[in-house]
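Participant: For the sequence shown, my numbering begins at 36 and goes up steadily by one.
Calculated directly from the structure, the hints in this document are not laboratory data.
A quick note: this is a predicted structure, and the numbers were derived from the prediction, not measured.
One or more of the hints may lead you astray.
[What the hints assert, rightly or not] Calculated pairs, SDA-like style, for lysine to any residue (alpha carbon to alpha carbon, straight line, at most 25 Å): (1) Lys119 x Lys254; (2) Lys141 x Glu114; (3) Lys254 x Asp265; (4) Lys141 x Met204; (5) Lys254 x His228; (6) Lys264 x Arg158; (7) Lys264 x Ala60; (8) Lys119 x Ile96; (9) Lys141 x Ala152.
[To be verified] Derived Cβ-Cβ restraints for the label pairs, each shown as a range: (10) Ile309 x Ser257: 49 to 55 Å; (11) Thr199 x Arg134: 31 to 37 Å; (12) Glu321 x Asp64: 24 to 30 Å; (13) Glu181 x Gln261: 44 to 50 Å; (14) Ser332 x His104: 44 to 50 Å; (15) Gly122 x Val244: 16 to 22 Å; (16) Ala177 x Glu131: 34 to 40 Å.
Here a beta-carbon is modelled for each residue, glycine too, at the ideal position from N, C-alpha and C.
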Amino acid sequence: MTKIPVIIDCDTGRDDALSIWLALALGFDVQAVVASYGNTTLENVCENSARVLALAGRSDIPVWQGESHPSCLHRGIEEILLPKQEGAGNGLCNLELPRSGRQVEKLGACERAAELARISERRGPVDYVILGPATNFAATCAALGEKAPHVISRVTMMGGKLSTLWDEMPGADFNLACDPFAVQELLRQGYRHGFPVRFVPMNVTWPIVLDMDELLLLKAVSVIAQTAKDLMIVHARHFAPEPVFRFHDPCVILSLTHDQYFKTYRGQVNCDEIHSDWARLQECHEGLPFCIFEADSGFRALLLNEILERLQIKRT
């Protein structure tokens, strides 16, 4: 269990919601949720994040409004980002969680950097978790400047589609496609300031899945568990390309407790917009260092079981 302060930077949709509840169930010291454009509009993400925290009885955790668009114009905005948002409903599969009744804090990059610096002064360097685009972090880290190594302990991001899965399903994963330039900047800042940059790739999370029959048989034993089950079922029934639910973001939260499964590589993000490998996280010897979370089928099964158990969801 991590006891250092945790920041969750997310574009709160269905599996982001599960991830926030999972982090709280694990007892993580969540200091703030940073809202990002991504799965849905920034306005929806802010409201969703506040409602998700309120349902868990944690409206004391701040929600900071982050960036509303990528760091620069690129092909993925029209090709991937906007179509995803247009088909996402409210981001929570059009389920209406109870209103939180609070205002989200509208903070620019410099203000977010100042808040992170204050947290690190009280609690130590933060464990920064990115479940959506990397845009917020890239802007915040730039604002931190030389303070960054004293404020950031490590960064763990959901993203990356490595060789085997890329060959089966060519094309960048959503988080990297939203802002590959910010991800490359994340690698540069990590190298410059000496904090680890870690990725939980789709190769790990894609096979962690429940189909509709399995979802319908789940037994929820709490309000949050029932809401999580409802989100999974509605997503699989109306929003997913196939009737399944994949546990991408919750796996990132669990990865924080399994450092031994991260292995170090060197590489880069392909930011050449005319290249077929655009927005791909690629290994190359002359690249920058990063870590990849690796898990075999047996360990993936354990991850799924722990996600369900921590969320108080039972398989029958």
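Participant: Are Ile309 and Ser257 spaced within 49 to 55 Å by their CB atoms?
Facilitator: holds (50 Å)
Participant: Check the hint pairing Lys141 with Glu114 against an upper bound of 25 Å on the C-alpha distance.
Facilitator: Violated - the C-alpha atoms of Glu114 and Lys141 are around 28 Å apart, more than 25 Å.
Participant: Given the hinted pair Lys264 and Arg158, is their Cα-Cα distance within 25 Å?
Facilitator: violated (34 Å)
Participant: Verify the proposed pairing of Lys254 with His228, using a straight-line Cα cut of 25 Å.
Facilitator: violated (46 Å)
Participant: Does Asp265 sit within 25 Å of Lys254, going by the straight-line distance between their CA atoms?
Facilitator: holds (11 Å)
Participant: Evaluate the given range 31 to 37 Å for the C-beta pair formed by Thr199 and Arg134.
Facilitator: violated (44 Å)
Participant: CB of Ala177 to CB of Glu131, is that within 34 to 40 Å?
Facilitator: holds (37 Å)
Participant: Is 44 to 50 Å respected by the C-beta to C-beta distance linking Ser332 and His104?
Facilitator: Once the Cβ atoms are compared, 38 Å apart, the range 44 to 50 Å for His104 and Ser332 is violated.
Participant: Given the hint of 16 to 22 Å, is the C-beta distance from Gly122 to Val244 inside that range or not?
Facilitator: holds (20 Å)
Participant: Would you check the hint for Lys119 and Ile96, treating anything up to 25 Å between C-alpha atoms as holding?
Facilitator: Distance of about 28 Å is beyond 25 Å: violated.
Participant: So if I understand the rule, the pair passes when the alpha-carbon distance is 25 Å or less; does Lys141 with Ala152 pass?
Facilitator: Distance ~17 Å between Lys141 and Ala152 Cα, so the pair holds.
Participant: At the C-beta level, are Glu321 and Asp64 separated by a distance inside 24 to 30 Å?
Facilitator: Violated, at about 38 Å.
Violated hints, in rising order: 1, 2, 4, 5, 6, 8, 11, 12, 14; the structure is consistent with all others.
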